[in-house]
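Novice: The residues making up each chain are set out below.
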Amino acid sequence: MLLGVVLVTFLLIRIGTRDASLMLAGPFADAAMLERIRSNLGLDRPLYEQFFIYVGHLVQGDFGLSWISGRPVIDEIRPRLVATMELLLPAFAIGGFAGASLGIASAFRYGSRFDHTSRFLSLLGFSVPTYWIGLMAIFLFYSVFGIAAAPMGRIGMASFPPMPVTGSVLIDGALAGDWDVVIDALHHLALPVAILAVIIAAPILKHSRVIALDVINSDYVSYARSCGLPPRIVRQIVVRNSLAPILTLAGSELTGTLAAVSLLELIFAWGGFGQWGLNAILSGDFAAVQGYVAVIALFSIGVFLVIDLLVLWLEPRTRS
Amino acid sequence: MAVAISDIRAGDRLARLWRRSSSFVVGSTLVALLVLTALLCGVVSPYGATEVLPNAILQPPSAAHWFGTDGNGMDVFTRVLYGARYAIAIALPSAFVMVAVGVPLGLIAGYYGGVVDEVLTRMLDVLRAFPSIILALAVVSATGQSLVNVVVVIGLIDAPIFARVVRSEVISIRRSDFVASAVVTGNPTWRILFVHLLPNTIKGAAALLPLRMAWALRVSATLAFVGVGIQAPEPEWGALIRQGAEYIISGQHWVAMFPGIALVIAVFGFNLMGDGLQELTDPRLDVRK
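These protein sequence lines are chains H and D, in that order. Using this note's numbering, you'd call the opening residue of the first sequence number -3 and step up by one each time. Using this note's numbering, you'd call the opening residue of the second sequence number -6 and step up by one each time.
To be clear, the hints were calculated from the coordinates, so they are not data collected in a lab. Glycine is no exception: its CB is placed at the ideal position from the N, C-alpha and C atoms. Incorrect hints may appear among the rest.
Just some of the chain H residues that point at chain D, by a computed CB distance under 8 Å [to be verified]: (1) L119; (2) Y127; (3) M132; (4) I134; (5) F135; (6) S258; (7) L259; (8) V285; (9) S296.
Over the 12 Å line for every Cβ pair with chain H, so calculated as not near, a few chain D residues [unchecked claim]: (10) L32; (11) S38; (12) S161; (13) S174; (14) P192; (15) I195; (16) G197; (17) T274.
Please model the complete structure; the sequences and the hints are all you need to start from.
Specialist: Pasting the structure below:
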């Protein structure tokens, strides 16, 4: 699958790109210079050869050098990825939990006012663009109320970044015992994490409602009901049976969330992996874009693997 | 008299539709509103879409400028209205690309199975695991930033979704008698695919259409916001929000806020309509409990 993603993006980007050497050399380059850039980047070789060279390096963990900064792509990605995870993981935990519980709750109250309201809200959350809600939140909480931290990075200008150990400002600050930095980092995290959690919760709510409805309408739940089991036990049965499909779904949502994270990072000048990737796309840095895409694909594969293992543990039926 | 009776009937039908799926009614109304705006914006709007008013730069909303003016002295209300044109110009053609590419692929994959089917399923796996907005961003920025490119890329990325829906429908009816009798009476394969199978498999894809149009709108606006795709001074909503982003911290919210609201209403309308359409066509959800 990873190979598929890499191949597809490689082909799409490479076939579509106008001559990259022209772009890199600028308007005043002569033919010899263009030639030199092309051979430096290996662009004068046939496309399939370029692809095999690239994949050959990729499997050895070599993402190549950035066309613009000239540094190894992997070195650019690694520290930024931690910053992104600082946003993504807590938001996903909060949003996923809230979405799933609201979804199951509205399935139990099918057709009620609660159900309609939560469905309406989820559809609305589904329709609101991430970046716009981010901008509006900054306007409200920073410009008007003045309670949010300035949307410029992970810590304020007055704070000194702690010694990097894990790369996470939060954890490093705690390790160094510098609680001012920890509080400052939390202050900067609050708004983007809250927005991201809402964005994540909306689709999970929508789908977990349908999943739980299917379970509630299933024969085995009707049977449990007709046996006279107390509602509390029936509810337990429904929740346990909905959990595995909801988890699978949450996994595919998590990979989709990487796009939302990238946009939020752009707005909050977070300096993470997503912002870096978008900038790479804008500046036409082919090696960096490929690295960005490959890391996202790797991340998806990792998420799917973890989810599959969790489902295996949750659902005895899938163990054969 | 006859008119009055048909009026009552129409009202009756609307009431029944409202009971069965209120979201469909509300969603279609919003979409109709969008189409109307796109048609009439040239007549209704007080200024030109890219008309610069040198005396009114970054003015807050007022009676003369309902949504205020932007940093170039252009009227935000006018530009938001004209944005509806871009929304339609993106949603409709990209939906056309999705269907024109996806549906035949799904018919072929479902009917023949084998390698075609295998390749299609693999492609879908890849797309499912990958954020499509990022794919669209990367491809559009590489292939050049024009309306046509945006539409084609969005349509192509979404086509496999339609292929999958049609494919599973085809597989479920491929073995039925009417297909077999069409084969033995000597119909050519294209006729079986497009005359016999297509009408029986298109319902699911049709119900999906508004949802994917909502998605197309979101993606094209996102592209424009990031700076790939349609660019200011074109009055595309994403591009307008991008223009307004720089004024947010200093408190001039109106440049970004109003196009965002318009975008949300349009996307929400398509989503509601699609949700309602699925409610109307999916018998599984009709079980009242």
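Novice: When the structure is checked against the list of hints, which entries are broken? Sort them ascending.
Specialist: none
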